[in-house]
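Please build the complete structure, drawing on both the sequences and the hints.
For reference, the chains in residue letters:
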Amino acid sequence: MESWLLMQEKDTISTKQYIWLLFSIITSFSTLQIVSMLIAHTGADAWLSVICAWLTDVALAVVYAYMGRRFPGENMVQYSISVLGKFFGRLIGALFIFLFLISASVLIRSLCTLLGTAFFPETPLNVLIASCFILIAIGAKKGLKVFARISAFLGPIYLLGFIVLFVSLTPLINLDGLKPHLYRGPFPFLSGSPFLLSYISICIIMGMYIPYCSKPENGFKGKFISVTLGSIMFELEVISGICIFGPEQAGSMTNVGLQLAKIISIGGVFERLEALFLTISVAAGITSAMSLIWAFSLGTSQIAGLSTYKPIVYPSALLAFVLAVTSFDSSTDIYNFVNYTFPFIALFVESGLECFLLVMAFILKKRGCAK
Amino acid sequence: MLFLLIFLIAILFMIDGIPLVKNKQRAELTVFLLLMALSCILVICKDTGIPVTLKSLNELFDNYGKKLFG
Numbered sequence: 001m002e003s004w005l006l007m008q009e010k011d012t013i014s015t016k017q018y019i020w021l022l023f024s025i026i027t028s029f030s031t032l033q034i035v036s037m038l039i040a041h042t043g044a045d046a047w048l049s050v051i052c053a054w055l056t057d058v059a060l061a062v063v064y065a066y067m068g069r070r071f072p073g074e075n076m077v078q079y080s081i082s083v084l085g086k087f088f089g090r091l092i093g094a095l096f097i098f099l100f101l102i103s104a105s106v107l108i109r110s111l112c113t114l115l116g117t118a119f120f121p122e123t124p125l126n127v128l129i130a131s132c133f134i135l136i137a138i139g140a141k142k143g144l145k146v147f148a149r150i151s152a153f154l155g156p157i158y159l160l161g162f163i164v165l166f167v168s169l170t171p172l173i174n175l176d177g178l179k180p181h182l183y184r185g186p187f188p189f190l191s192g193s194p195f196l197l198s199y200i201s202i203c204i205i206m207g208m209y210i211p212y213c214s215k216p217e218n219g220f221k222g223k224f225i226s227v228t229l230g231s232i233m234f235e236l237e238v239i240s241g242i243c244i245f246g247p248e249q250a251g252s253m254t255n256v257g258l259q260l261a262k263i264i265s266i267g268g269v270f271e272r273l274e275a276l277f278l279t280i281s282v283a284a285g286i287t288s289a290m291s292l293i294w295a296f297s298l299g300t301s302q303i304a305g306l307s308t309y310k311p312i313v314y315p316s317a318l319l320a321f322v323l324a325v326t327s328f329d330s331s332t333d334i335y336n337f338v339n340y341t342f343p344f345i346a347l348f349v350e351s352g353l354e355c356f357l358l359v360m361a362f363i364l365k366k367r368g369c370a371k
Numbered sequence: 001m002l003f004l005l006i007f008l009i010a011i012l013f014m015i016d017g018i019p020l021v022k023n024k025q026r027a028e029l030t031v032f033l034l035l036m037a038l039s040c041i042l043v044i045c046k047d048t049g050i051p052v053t054l055k056s057l058n059e060l061f062d063n064y065g066k067k068l069f070g
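Chains as they are written, first to last, in my numbering: chain A, 1 to 371; chain B, 1 to 70.
In case anyone wonders, no lab produced these hints; they're calculated from the structure.
Calculated pairs, SDA-like style, for lysine to any residue (alpha carbon to alpha carbon, straight line, at most 20 Å): (1) A:Lys310 to B:Ala27; (2) B:Lys66 to A:Glu248; (3) B:Lys46 to A:Ala130; (4) B:Lys66 to A:Phe348; (5) B:Lys46 to A:Val127; (6) B:Lys67 to A:Gly185; (7) A:Lys142 to B:Ile18; (8) A:Lys215 to A:Gly368; (9) B:Lys55 to A:Leu95; (10) B:Lys67 to A:Ser191; (11) B:Lys46 to A:Asp333.
Covered by chain A, per the in silico footprint, the following chain B stretches (three or more residues, Cβ under 8 Å): (12) 18 to 28; (13) 34 to 44; (14) 50 to 61.
Ideal placement from N, C-alpha and C gives every residue a C-beta, glycine not left out.
Here it is in structure tokens:
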């Protein structure tokens, strides 16, 4: 293996940290507009889409975990180069990291739109986005170990927070709201499944983490646990939204989770728990964007053959910031992008490219050699 | 926007760019400058109305997305 392809991140992460890192990413998307969009697509059958998306994502995790073991010590950018050679490998690697870059931009733009609408109506959106990206850049520059520790600390808090929110909603839930099943036939829930999959599958970033795991053989197990936990959170949010508001109203809301948090009342003492929801959303969003910017910087440095990724973390965050600020003029633009365009690009990269790499590795009989 | 960007770039250059120049890390400095130049190009394109943003991807994939997910 050539020297410039060697690992540039010296830290390793434990399986526990790996699980919470992936869980944070799923949490960050589950607290945004995705649930409302899914319900708008699929109506009362949205809960079936979540199960389908979970099953497909677990199948996809098998491919990523297998590639991680076939090319030990290499991330997806590195094994793209190992399988396809310098030119085509770099091209495919660039597509992977491009997905991380646009995911970070879209995630923070959506998060700040939500924050601006719910809590800071007077604050300019660009100020919120810039503040987030400053934090993200600092965190990503510190390295994987740092935000892995943050995730391992905050991840259980997100989980506990969600459990508190959904347990409080239980008295309001009437499961008859999910009927009639398949009222519009199977197409809505089957098309909702890839839509949701495109967001859950941002966890393909596991392909960047596996080389730095203390136990890379736990790659699949860790991903399975985190995706299962994340999908349960999605499922609870979808079922609560449909059963409490009805599919039409839930589908037309900007953010179902936020509206659910607003109606919670625990014994008439604890009310308006949307602050808890927003805290989870902001913390998970920023931690996830740190991971995404870290992955983008690391991948870029490996494509360019640099000895370290750290000097390009700040310019990468700047690029993501500029994309987040300049790309969308209105909420409608970002809604259209998140609803129609992003799932297309994401599914192509997350599923198509990785399966292509797997097939090519078999055909060309390529195998990693790093220990 | 452009002014804010130039300001941010100046800060970034002082924090991260100067050590690269001092240590003669040419490859790192090139990628560093390329990424910053890309950010500037995106802002200039936005200011001059040239559609080089994520939104322009909507025009490419919007119809397919609407067919599948709409």
